[in-house]
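For chain B, the structure is supplied; the task is to place chain W on it using the hints.
Going line by line, the protein sequences match chains B and W. Counting in this note's numbering, the first sequence runs from 38 upward without gaps. Counting in this note's numbering, the second sequence runs from 38 upward without gaps.
In case anyone wonders, no lab produced these hints; they're calculated from the structure. Careful: at least some of the hints might be erroneous.
One copy or two, either will do: identical chains are not told apart, so a pair holds if it fits within one copy or between any two.
What the hints assert, rightly or not - Here are the simulated lysine-lysine pairs, DSS-like style, with alpha carbons at most 27 Å apart:
| no. | residue 1 | residue 2 |
| --- | --- | --- |
| 1 | LYS345 | LYS236 |
| 2 | LYS348 | LYS292 |
| 3 | LYS437 | LYS345 |
| 4 | LYS132 | LYS327 |
Residues per chain are reported as follows:
Number of protein chains: 2
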Amino acid sequence: MYLRKKNKISIIGLGYVGLPLAIEFNKYHNVIGYDINQQRIFDLNNFLDINNEMRSINIKKAIRNNLIFTNDESKISNSSIYIITVPTPIYKNKKPNLTAIKNSTKLVGNLLEKNNIVIYESTVYPGLIEEICVPILRKQSGLKYNLDFFCGYSPERINPGDTNHSLKNIVKITSGSNSFIASKIDKLYKKIIKAGTYKASSIKVAEAAKVIENTQRDINIAFMNELAKIFYKLNIDSNEVFKAANTKWNFLNFKPGLVGGHCIGVDPYYLTFQAKKVGFNPDIILSGRKVNDSMGIYLVQKLISEMKKRKITLVKSRILIMGLTFKENCSDIRNSKIFDVISKLIKLNCKVELFDPLISKNFLIKKYSRYLIKFPKLNSYNVILIAVSHSVFIKLGKKKIISFGKKNVIIFDLKNIFKNEKLFINF
Amino acid sequence: MYLRKKNKISIIGLGYVGLPLAIEFNKYHNVIGYDINQQRIFDLNNFLDINNEMRSINIKKAIRNNLIFTNDESKISNSSIYIITVPTPIYKNKKPNLTAIKNSTKLVGNLLEKNNIVIYESTVYPGLIEEICVPILRKQSGLKYNLDFFCGYSPERINPGDTNHSLKNIVKITSGSNSFIASKIDKLYKKIIKAGTYKASSIKVAEAAKVIENTQRDINIAFMNELAKIFYKLNIDSNEVFKAANTKWNFLNFKPGLVGGHCIGVDPYYLTFQAKKVGFNPDIILSGRKVNDSMGIYLVQKLISEMKKRKITLVKSRILIMGLTFKENCSDIRNSKIFDVISKLIKLNCKVELFDPLISKNFLIKKYSRYLIKFPKLNSYNVILIAVSHSVFIKLGKKKIISFGKKNVIIFDLKNIFKNEKLFINF
Numbered sequence: 038m039y040l041r042k043k044n045k046i047s048i049i050g051l052g053y054v055g056l057p058l059a060i061e062f063n064k065y066h067n068v069i070g071y072d073i074n075q076q077r078i079f080d081l082n083n084f085l086d087i088n089n090e091m092r093s094i095n096i097k098k099a100i101r102n103n104l105i106f107t108n109d110e111s112k113i114s115n116s117s118i119y120i121i122t123v124p125t126p127i128y129k130n131k132k133p134n135l136t137a138i139k140n141s142t143k144l145v146g147n148l149l150e151k152n153n154i155v156i157y158e159s160t161v162y163p164g165l166i167e168e169i170c171v172p173i174l175r176k177q178s179g180l181k182y183n184l185d186f187f188c189g190y191s192p193e194r195i196n197p198g199d200t201n202h203s204l205k206n207i208v209k210i211t212s213g214s215n216s217f218i219a220s221k222i223d224k225l226y227k228k229i230i231k232a233g234t235y236k237a238s239s240i241k242v243a244e245a246a247k248v249i250e251n252t253q254r255d256i257n258i259a260f261m262n263e264l265a266k267i268f269y270k271l272n273i274d275s276n277e278v279f280k281a282a283n284t285k286w287n288f289l290n291f292k293p294g295l296v297g298g299h300c301i302g303v304d305p306y307y308l309t310f311q312a313k314k315v316g317f318n319p320d321i322i323l324s325g326r327k328v329n330d331s332m333g334i335y336l337v338q339k340l341i342s343e344m345k346k347r348k349i350t351l352v353k354s355r356i357l358i359m360g361l362t363f364k365e366n367c368s369d370i371r372n373s374k375i376f377d378v379i380s381k382l383i384k385l386n387c388k389v390e391l392f393d394p395l396i397s398k399n400f401l402i403k404k405y406s407r408y409l410i411k412f413p414k415l416n417s418y419n420v421i422l423i424a425v426s427h428s429v430f431i432k433l434g435k436k437k438i439i440s441f442g443k444k445n446v447i448i449f450d451l452k453n454i455f456k457n458e459k460l461f462i463n464f
Numbered sequence: 038m039y040l041r042k043k044n045k046i047s048i049i050g051l052g053y054v055g056l057p058l059a060i061e062f063n064k065y066h067n068v069i070g071y072d073i074n075q076q077r078i079f080d081l082n083n084f085l086d087i088n089n090e091m092r093s094i095n096i097k098k099a100i101r102n103n104l105i106f107t108n109d110e111s112k113i114s115n116s117s118i119y120i121i122t123v124p125t126p127i128y129k130n131k132k133p134n135l136t137a138i139k140n141s142t143k144l145v146g147n148l149l150e151k152n153n154i155v156i157y158e159s160t161v162y163p164g165l166i167e168e169i170c171v172p173i174l175r176k177q178s179g180l181k182y183n184l185d186f187f188c189g190y191s192p193e194r195i196n197p198g199d200t201n202h203s204l205k206n207i208v209k210i211t212s213g214s215n216s217f218i219a220s221k222i223d224k225l226y227k228k229i230i231k232a233g234t235y236k237a238s239s240i241k242v243a244e245a246a247k248v249i250e251n252t253q254r255d256i257n258i259a260f261m262n263e264l265a266k267i268f269y270k271l272n273i274d275s276n277e278v279f280k281a282a283n284t285k286w287n288f289l290n291f292k293p294g295l296v297g298g299h300c301i302g303v304d305p306y307y308l309t310f311q312a313k314k315v316g317f318n319p320d321i322i323l324s325g326r327k328v329n330d331s332m333g334i335y336l337v338q339k340l341i342s343e344m345k346k347r348k349i350t351l352v353k354s355r356i357l358i359m360g361l362t363f364k365e366n367c368s369d370i371r372n373s374k375i376f377d378v379i380s381k382l383i384k385l386n387c388k389v390e391l392f393d394p395l396i397s398k399n400f401l402i403k404k405y406s407r408y409l410i411k412f413p414k415l416n417s418y419n420v421i422l423i424a425v426s427h428s429v430f431i432k433l434g435k436k437k438i439i440s441f442g443k444k445n446v447i448i449f450d451l452k453n454i455f456k457n458e459k460l461f462i463n464f
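Extracted from the complex, chain B is given alone in its bound form:
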């Protein structure tokens, strides 16, 4: 059934990046989607994407059109092209955790045949593919790089929860291990990317371009966070300040906030890792990271001082947290910084309740899942903390949310979803 076909593409890793890629490429190629997560394969074969990125109907259509989801390694052999879209997270010590990218590279290396192309989409640091992955591919396959097999890098620019900027609608960078392969890879992606592609001059340049995109965002939010902290100390309403500054034509409308997720809070560490390796200390990027990582604790401090002002006792106070994901309208809780806040509040003996209709109990570890509620109670909370701007929260409306609170309730609207509501406290 899985005969050797021209341009059979295997996609390793079926998360946010791999799944839409598999579905798009399947329109033009014989595509096998591989993931080591059995549950994920089971779900996909039942037309379910728990990330809510792809609709059931589209998964169904793709499967009818011969897209195969599997965790059987043997099924991805005999491909012409392997695309690796596995996560590249960091360890607790902030160093790159290359386990997934190394393991999937080994897997592909074992299957590699002459003239195969291996394309990476994962975020890496500049140099990683040719310094770390290529040697593994060479060793496992016994083949020669840029003679027998080739590589490419086309960084993913998926924006979870953003339907305007889907795979097809975002210009995609491509690159290859030589100019011929670069053109071939560029042509490959051009077919599926409506917005067009941009052929970078080398894999290294493409790697560097990807990692600075999220780092720039990280720095800009970190700057707003630093300002929020300064203005809090100076007793100035930072939201008022940002509103005024935003009337300048070139002021960038970033907002202070918790920076979580698997990209913005992670990617900068890949770049700083490589910079440090060559003896350069990236002060700005690292101070940005430090500030962003500190915002959970800052928030708890601000919350406590607001409670003191209104003479609400901290211990046993009832606190409702609305929204646990790292971003609005998605179910992704990876590195969500709200857990720093929750964890601290639990330690302080507050009675927290967690409300997020986009996630289910089994998404959470026990430490937190026991606090998850189906729906908030009326007249119950001393503090309500709206942490994420899920559409469902906006739809609930101000009045309803206020009705969850006790008479003297303090409401934090971290994302300022209820604009100009003076009663609500922003970041």
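For chain W alone, coordinates are given in the frame of chain B:
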């Protein structure tokens, strides 16, 4: 001749900010423009703005329409409104130099009468006007703040050399010491600002908004500078990387470069000064400043290493610097960082020549003016460093500029004005 009139406005400081303001307000009010610089008053009375911001014809027109330029203090007495637009620079130790704002406040304080309004336009730190200026006004005048006299802050957003964003076309923040005065000041500015005004909720908020605008720009350029340094160490062409990253819809197209001038390189220190006073260390802003202040030295290092590569001896090498101003198409050399480069090159015994048709010898201190040339010689230089993207340089063209160089010339095009010219080195 200078009778007490309703709404006589005196403007203290006739630089980039005060001059256009005087000319605009003069269309509706009786305006006196005051400056302590005698030469400036002489020039203006001869229709000359050496900053090239205002055209002669417009200055002439304004004078015919009764605008008075003077350095005679007595002439600004009996005003209803004083607008202070003096510079707020920093000392060498980076601390705010408040001499000009304090002196002009004293001057106004001595003349202050009941119901007068004093409006500041200078960049300050949040709190400065009410902590530093108001006490001076009170002391000098013996009047009571917010009873006998009032204050306001309407930060300047002048963009030297940018004709699209002139005074009239930039939304202007206004604020006042109480809500009645805030409205009055807002109405005053509304008359002259086509783009409209934005009434901030307090003087402090307006002060804070102003100082973060340029600080945000500073941080973003600093980030690009940090990246340029990292990629140089990693032997990656940073320009290629930025071009690729710019294909993402939300990547911010900042460029690495020398950050000089009297705003971007200065304003952040006002904010950090006030933050430190309340015990907060603004790491991000300060690391940004540190990186930006280091770029002159970085550039010299890069230049030396390029010369080594091409086996050009440093000592007695002839180096042409094109552009000395802190910004294109203006004659402003305040805090221009190119002088860090020039000074270092002179110390290294290079033979530098400085070419900038927008400035004349008397703009420069002797240390530098002796190297200023009228026009570069042909076939003469080992290195050409285009530091500013003056239109005249773009008009000169690539060929002409190359013709100034010796056979093996190294050309640095810091502003990348000759795009995609692979022979030229960027930042």
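Here is what the structure says about each hint:
no.	hint	in the structure
1	LYS345 with LYS236	neither (57 Å within a copy, 32 Å between copies)
2	LYS348 with LYS292	neither (29 Å within a copy, 50 Å between copies)
3	LYS437 with LYS345	within (25 Å within a copy, 70 Å between copies)
4	LYS132 with LYS327	both (14 Å within a copy, 26 Å between copies)
Violated hints, listed in ascending order, are 1, 2; each of the other numbered hints is respected by the structure.
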